[in-house]
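Undergrad: Now for the letters of each chain:
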Amino acid sequence: MKKYNTIFYLLFILLIMGAFASMAQNSYGLKIMGGVAFVSALVFMVEFISLLRKKDNRDVYGLAEAACLFILSIVFGLRVFYIHFSYIELWFGAAGLILVLLYLRKMMIRFRHYRQRNNFLALLVLLFHFSIILFLLSLTLVPFAPKTSEVTGAVALVLLFGFIVAAFFKSDLLVEGEKISAFKMVRNLRDHSVIIASLFLLFSLYIGFNRIGVLPGIYSDEFPRAYFELVDQAATKKEKPIAGKYKYEEFMKKYQQFLEHNNLKNQ
Amino acid sequence: MIDQLTICPYTGLRSFTEEESLYFKGRDLQVDQITALLEQNKFLMVTGASGEGKSSLIYAGLIPNARAGFFKAKYTNWVVSDFRPERSPVNNMAEALAETFSTNTSTIETELRRGFSSLVDLYTNSDFYIDESDVQWQHLSEQEKKNRKRGAANLMIIVDQFEEFFTNPENFYNEAPSQDSQIVVNLVLETARIAIKRNIPVYVVCTMRSDYIGQCSAFRGLPEYIGFSQFFVPRLKRKDLKQVIEEPAILSGNRISQRLIERLVYDIAEGVDQLPILQHALSQIWLAASNGGQEMDLIHYAMVGGMPASELPDEEQADFKNWFDSLPQIRQKYYQDTGLNKVIEIHASVLYENAWEYYNANHPGKLITQHDAKRIIALTFSCLTKIDNSRAVRNRMSLGEITGIINTPAFTPTVVSEVLSIYREEGNSFIRPFKTEDPASHKISEDTVLDITHESLIRNWNKLNTWANQEFEFYSTYLDFKKQSDRWKNSGKNSDFLLPIGPLTYFENWYNKCQPNAGWIKRYSEIQEDKAKAISDAEGVLADVREFIKRSARKVAVTRAFMKYGPQRIATVVAIAAMLILSGFYWYDAGKKQNKSVIEKVRSETLNLMKSKEVGYNVKALPLLIEERYEAGSMLKYLSGLDAKGRLSLAIETYKQVLLFDKHDTSVIKSELTNLVQAGFKELIARKTDYSFLMTELNKFTTLLAYDNYYNPSGGTEKLLRDFVDEGYQLASVFFNTKTLFQATIPHELNYGIQQWLTFGNAAAEKVSAILGLVSPFEETGGGSLFNIYYSKGSYEINGRVPNDFNGGYHTLASLYAALGDTAKVIQCFERIRQSGQNDYFTGSLFNNYTNILTIFYQFGYREKTGSLVKWLGTNYASNTPTTIYRNSVIRSGYLSHLYRVNINKGILRSYKGYYFPNGCLAKREVFNALADDYEKLIIELTNTSEKNYLMALNKKRRAMFTDKYHNDRSLPADSIYLNSLLQQVVDHYRLIDKTYLDTAMTSVTLPYFGDGVRNRQYKRKHLLIYPDYMDGWFSWTYHSDLFFNFLDKNKLFEEFYTTPQELGLIHYWFAKANEKKPFMDMGNFDNNYHLRDETLIKILTLAETHPQGKSLDQNLVCLILAIRAFDRNDVETGMRYYNRFDKGNFGASRDKYEYLEKTFFLNMLKDLCVKLALAGKHQEAVELAEKFEKDHEKAFAYIFMAEKLYMKNADPIAFVYLDSVFSKSKEIDFSQFNFGANQAIDFRFNLILLMSRIGGKKLNSLSYNFLSDIIEQNKFFGVLSRVYGIAEEGNFYRALTAIPSTLTETEELTARSFIVWQACRKTELEEGRQQWGTMDNFITHDFNYIFFLPN
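Chain order of the listed sequences is A and B.
If you count the first sequence from 1, you need to add 94 to reach my numbering.
If you count the second sequence from 1, you need to add 83 to reach my numbering.
Next up, chain A with everything else stripped away, as it sits in the complex (with noise of 0.2 Å):
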C-alpha cells in the first residue's frame, strides 16, 4: 500500500488546494476537490486490482479495505458535485462499518504486538487506532445520527491529539533494543491508517478553523446555495424524504427545467 502513499499525499496537497481555490470562491476549486476523490477512488480501484490478481496469499482484508476505501472515495466525490443517488447513505455506512471492523482487528493484532514489547507504545497504538475507528464510526453516522456523528469525532479528535502529545513527548521508546518514537511507529504501518488518520485530522482541522473564523467555507455558486443546503439536509437526515424523494431533488428538477425550458442550460 505504501507505494500509493506518494499519490495519495500528493492529491492531500491538491486537496488543500482545491479546498483554498473553493474558498476563494473559484467554482473549479470544487471540481478539484471532486477530481482528487475521484482519483482517490481510482488509486484503490487499482490497489484492489494488484491485490486480487495475488494468486497465494491472498489478503481478504486488504481487499475489503480497499473495497471500502474505493467506495467512500466515490461518495465523497459525488458529495462534492451534490449527485446523491438512492442507498448511496447505505452504501457509505456499509463501507465505513467494514472499515471499521477491519481496524478494530488491525488494532487488536498490533497493540498485542506492542504490548509484549512497550506497554506504553501498545497503549498509544490503541489511541491512534481508537481514533481512526472513531474518525470512521462519526463518518458512517453522518447520515444516520448527525449529532452522534459530531460527539464520536470531537472524541476521535481528542484521541488523535492525545495521541500526538503522547508521541511527541515520549518519542524515545525502546522497542527491542531500538529506540522507536509512535510516529515511527505509525510511519511504519503498511495500511491506509496514517492517510486515514491525515485525512481525519485535514478535515478536522479545516472544521474547525472554519467554525472559529480562520478559515472561510467550501464554496459554489455551481447552484443556487439553497440546493445544496437542502443536499446537505437530506444527508444529515434533517429531512425526511416524501414518497422516497428528497426535496433537493425535486429542487434540481424545477430548476434545470427551468433552464432548458428558457434555453439556459449550456449558457
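Each statement offered as a hint is correct.
Taking lysine-lysine pairs in the DSS-like style, the calculated list, with each CA pair at most 25 Å apart, reads:
no.	chain 1	residue 1	chain 2	residue 2
1	B	Lys-1288	A	Lys-347
2	B	Lys-1292	A	Lys-347
3	B	Lys-1288	A	Lys-332
4	B	Lys-1341	A	Lys-348
5	B	Lys-1261	A	Lys-348
6	A	Lys-348	B	Lys-1292
7	A	Lys-278	B	Lys-596
8	A	Lys-339	B	Lys-1261
9	B	Lys-696	B	Lys-728
10	B	Lys-1341	A	Lys-347
11	B	Lys-1288	A	Lys-334
12	B	Lys-1261	A	Lys-347
13	B	Lys-1007	B	Lys-948
14	B	Lys-416	A	Lys-273
15	B	Lys-876	B	Lys-908
16	B	Lys-1288	A	Lys-348
17	B	Lys-1236	B	Lys-1271
18	B	Lys-694	B	Lys-684
19	B	Lys-565	B	Lys-638
20	B	Lys-908	B	Lys-948
21	B	Lys-1288	B	Lys-1406
22	B	Lys-228	B	Lys-157
Listing some non-contacts, in silico: residues in chain B with all C-beta distances to chain A over 12 Å:
no.	residue
23	Leu-334
24	Asn-490
25	Pro-1056
26	Trp-1120
In case anyone wonders, no lab produced these hints; they're calculated from the structure.
Cβ atoms here follow ideal geometry from the backbone N, Cα and C, with glycine treated the same way.
Guided by the hints, dock chain B onto chain A, whose structure is given.
TA: Below, chain B alone, put in the same frame as chain A:
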C-alpha cells in the same frame, strides 16, 4: 581443590604472563634456544608471525627460566624492565625503568635523553650492579659485600611489540623514525653494545612481528643486531599442541576429554593465529564447561561455535538442542557457520549484540539503545585498528580521543567506557586494559589508552575487519579529498577548483558515511605536541571540508537535482510547491473575500464616499444610520469627526431620516442627534458668520422638532423647539438689522422662521413690535426701505400652487400684526395683497393664506378682534362668508395635515412647493376648539333650519373625527364620551334636516389622490354626512378612523342612514381609503396608522348580507383583505373561504372602482393573495388568480412575488415554475414602454433581478446581469441596487460588491454600498435574534414590495 577448579588455565587472546608460566606448554625447546642466544649475545630479537606466541615465550618462558637459574648470568637475581613503544616510546621506557630503579619517571627520562649509554649508566650506578674493581667495593666488609651481592641482579630490558615503532605515526612518519623512536632504539642498541663490551649483565630482548623486519633498516645499526641475534619463533607441532591443550587443564585441576583434544588439534588449520584462536577457544570451552566444573568436551566446543551440533555424538545432541533453544534468536543466527576459527567471531559478535543490555542492566536510569551501543563499539574498534601497509593492525587510542571521534554529546567518556566494559571483562578480554579482581581496574579515565588485545581479533572477527577496512577507506578517501580541497584553498577558493558533480557525489557519500569531526581529522593529521592547537587545526580543516563540499554542491545544484531526482520527481516537487503557493494565495484571497473582510472594506469605502461633497447630506443620512446599526456608537463617532457645518447638516438630515423610518420613534438616537445639533448651533452662532446657512438649517430642524413633538409629545422636545424658534427670531433680527446680509433665497426662510417663532416661541409683544419696527412700512420707524429690499414687488415666494408676491412679506407682516391683535394693520396688509392682484390669497388654494392670520388672532388671545377682519374679507370677496372663513380655519387647525410633508421633504410634491405654515394645526388645541365654537356660533345665527342643522351636523362630525385622529396621531387616550356626544349631536342635527335639502344640492369635494393630485367630485349633502369618515370641501383627507362607522353600527343606524346602493357605496369607499397604502415610501411615511380590525371588515360583509341594498356592496376588496389576513394567521380554511367569496370572474369593477391609489392598492392585494395561496400550497388557485391580472407585466409581478416568497420561505422548487412563468410573460412584453416617465415604476425587471439575485447561483446571476444590461442607462441604478440587495441577501457580500459597476455616481455608489452593510446588519441580527431596526427595513424594502401598478 576448590580454588583450583575455578582457575582457567587458558589465557584467551592475551599472552601468558610470568605468573602463568606453569600453564605455558609446548615451547620448552624454544625457551632453551632463546636462553642460550641471549646468554651469548646479550641482545635478542624474537620474531615470528603474529599470534605465534612471541610475548608468551618471553614472559612465560624466558623470564621464568632465567629466574629459575637456567640462564647463566653474573647474578642469580633478575630485574626485568619491560615496555611497549606505543605512541611515546621514551616515556614508556622511562616509566618501566623508573619502576625498576624505584625512582621517578621524569628523572629517568631526562637521563635517557642525555646519551645513549645512559641506560647502562643507570644500571651500573644502581644497587643491582656491583663493580668489583671499584675502590669502594673493595673497602666493604664481607658482610656488607654479602648483603650487596644479595641485592645484585641482572637487568633484562624487554621491548615488547617492537613493530609499534613502525605502526604508530608518532613513531614512524613518512618512512622515517621519530626522534623518540631513534632515542629508544639507540639506547637499546648502545646498551647491548656496552653490555657485551664491558660484560655487564644487561640483556636486551625485543619481540617483533616478522613482517616488519624489512622496516628495521630505518634504524641505523638495528639490522646488524638483528642479524647478529635473532630468533624466529616456529609453529607448534601436533604433539606440542596437545601439550598446550591438555597439560594446563591437568595442571589446573580441570578435565578435558581426549576427543576434544583430538578434535581441536584436528581443527587447528594451517595459517596465522593458530595459538590465539586455540587459546581463545579453550578459554571459552572452559567457561562453557561451567567454569571447569564439567569435563571439557565436544558439547562445550559446539556451544562456543567451534563445531556444528550435527557432528556431536547422538547422546549429546539433545542436550545441545535444549541449550541452543534457550538462546535468544539473535545469538542463534551466529551458529549457522561454526569452526574453531569462528569462536572469536561468535564470541565478539554476541558481545556486540548484547552490549546495550549489559550497559542498561548496569545503568537502569540512563538507558541506551542497541543501535547506539553498536555505534559506540564499531567506532571504538575502528579507532583501535588501522591499516598499515595493507595490514590491519592495532592502533592504541585514549578513551578521550575515541569519545571525541564518536562526537555525540550524550556519549560521554563514561558512557563509552561503560559500553565497552563488556569487552574488558574477564573471559572476554578483547580490549586492554582488562578488568581484574581489583575494582580500580573497572573504571578508566579519558587518558586511559585502549588497545585491542591481539591483532588476531582483527583477522578473526569479520565485523572488526570490515570496520578497519572501512575506516581505512574513509581515510584514503579523505586523503584524496584533502588534495582537492587544498588545491581549492591554494587557489584562493576559486570556484573553478570546486568539485565537479561526479567527484562531489563521491565525496559527499564519503562525508555522509564517515561523518568526520575534529577528533577524526586530528587522528589523521600531523602529530603535534600541543593538543589544543591540534584540535583547533583539525576544526579548521573540518570547516574547510564542509565549505568545500557546500560550495561545490551549490555550484552544481541544478544539474545534480535533475540527475539525482529525475525530471519526474522534480516536476512533482515543483507541482507541490506551486500548489502550496497557490493554496497560500487562495487562502489570502479567500480571507479577503470573506463577508467580514468585505464588510470592513465596504464600510471603509462608504465612509470615504460620505466625505464627498458631491453627495448630499440627505443621501448620507441613511448610510450613516446603517453604519450605526452595524456598530452602535459609530454615528456619533463619525459626526464628531466632521466640521461644524457638516456635522450640523448631517445630524439634522439623520434626525429626519429617523423620523421617516418611524414618526413614533422613541430611540436614543434622536436625543443624541438633537444634542449634537444644539451644540453645533451654539458653536456656529458664536462665529457670527453663515447666517443664511444657519437660518435654513434652523428651519429644517424646527420643522422636524415640531413634527416629532406632534407625534411624540414631550416637554423636552417642546422646550427644545421653543428655544430653537426663539433663535430663529434672533437670526431674523440679525438679517433685518443688516441689509447687506440679504440674499434672494433668504426672505422665504425668514418668513418661515417668523411663523415658527409665532407658533411655538416666546413671541412677546415687544419682540413682535421690535421686528415690525425694523421691517414694516406701516411703522414710523422707517422699515419701508428694508421691506423693499427683502420684500420688493415682483419677487415671489413659492406658496403651494400659486406664488406670493412681495416674497410673502405682507403675509408675514399680517401674521406679526395679528400676534399684536392689530386688526387695522392686518387689514392694511390684506389691502396691499389685494391691490397687488393676488386674489388667490383670499379665494384660491394657496398653502398659506388669510386663515393662518385668523388662527394667529385666536392663538394670541385676540379672538374678539377678528370681527372687522372677517367683515373686510366678506366685503372684498363675496365667497368669503364668515361661515366659509371659519369652516376653512377649522379644517386647517384640526390635526397635522399631510401637507406638512412639504416642509420635511422639500419639493416632494409636484405642484406644491415652499413652506406650509403650521400655525393652524400645530398651535394649541384650544385654538381649534375656539375656532370650532365660533364657527358653530355663526351657524346658529343662520336662518335656514336645514342649512343650520346640516352645517352643525357636519361640524360636529368634523370635530369628532379630527379630535379622534389628533388623539390617535399623538397616542393619546380618546375621550369616547365627548366623541360619542359629538356624534350623537350629528345624528340629532341630521334628523332635523329636510330630506330634500340633503338630496338636492351637490357639493364639490376636492379629494387627494396619488402624490399631489386632486379630483373634484360632486356629492350630495347627505353623502357628506353619512360618509363613515369626515369628507368635506377642499383637499379633504378622507380617512381618519372607524369612529363614526362604529357609532353607526352601535346605534344600528345603517339602514336609516344608507338607503340606496350609492349611499351604501360610501362605506366601500371609506373602507378602500382606510386600507390605502401609498406606493412610494417617501409619501407612505405620512399615512394614517389607524388600523381597521377584522371585526370592522366582517361588519361590512354582514352589512352586505343584512342590509336591504347590501347586494350592491362590493365585497371583493374586503374579501381580499380578510383572506390575506387569514392566510397570514396560517388559517388556510378561513383564507380559502374569503378567497372563494371573492368574485374572481368579475373583479375588474372592484379593481377599477376608484382611481389610482385604490387601484394600485387593489392590485397589490390581489398580488399578495396570489402569494398567500401559493404559500398555502394552493398553486392552482394562485395561478388562476395571477392570470386574472389584465396585463402581462401585472401577471409577471404576481409570479415574481409568488416565486420569491416561496423561495425565501423554504426554498420551494415550485418557485422555478413561477419564475418560468415570468420568463414566459416577458416574451410578450415590450420593455421599452417602461423606459421613461412614471412607467419606470412598473418595470418588473427590477423585481426579477432582485428575485434571481436572491436565489443566486452562477446561471441566475448571469441571467440577472443580462436583464440589467437591457435596462436603459438612466434607469439602470435601481436594477443595480436590486442586484446588490439580492446578492447580499443571498449571503455573499463579495459578489454583491463586485455587482456594483464602476460607472455609478458617488451618490449611487454610496447607496449601493450601504445596501451591503444593511444586509450585513440584517444577517447579524437574524443570527442573534435581534429586531430593533424593523422600521428601517420597512423603509428600505417598501418600494421593492409595494408595486405601483398604475401610474397614470
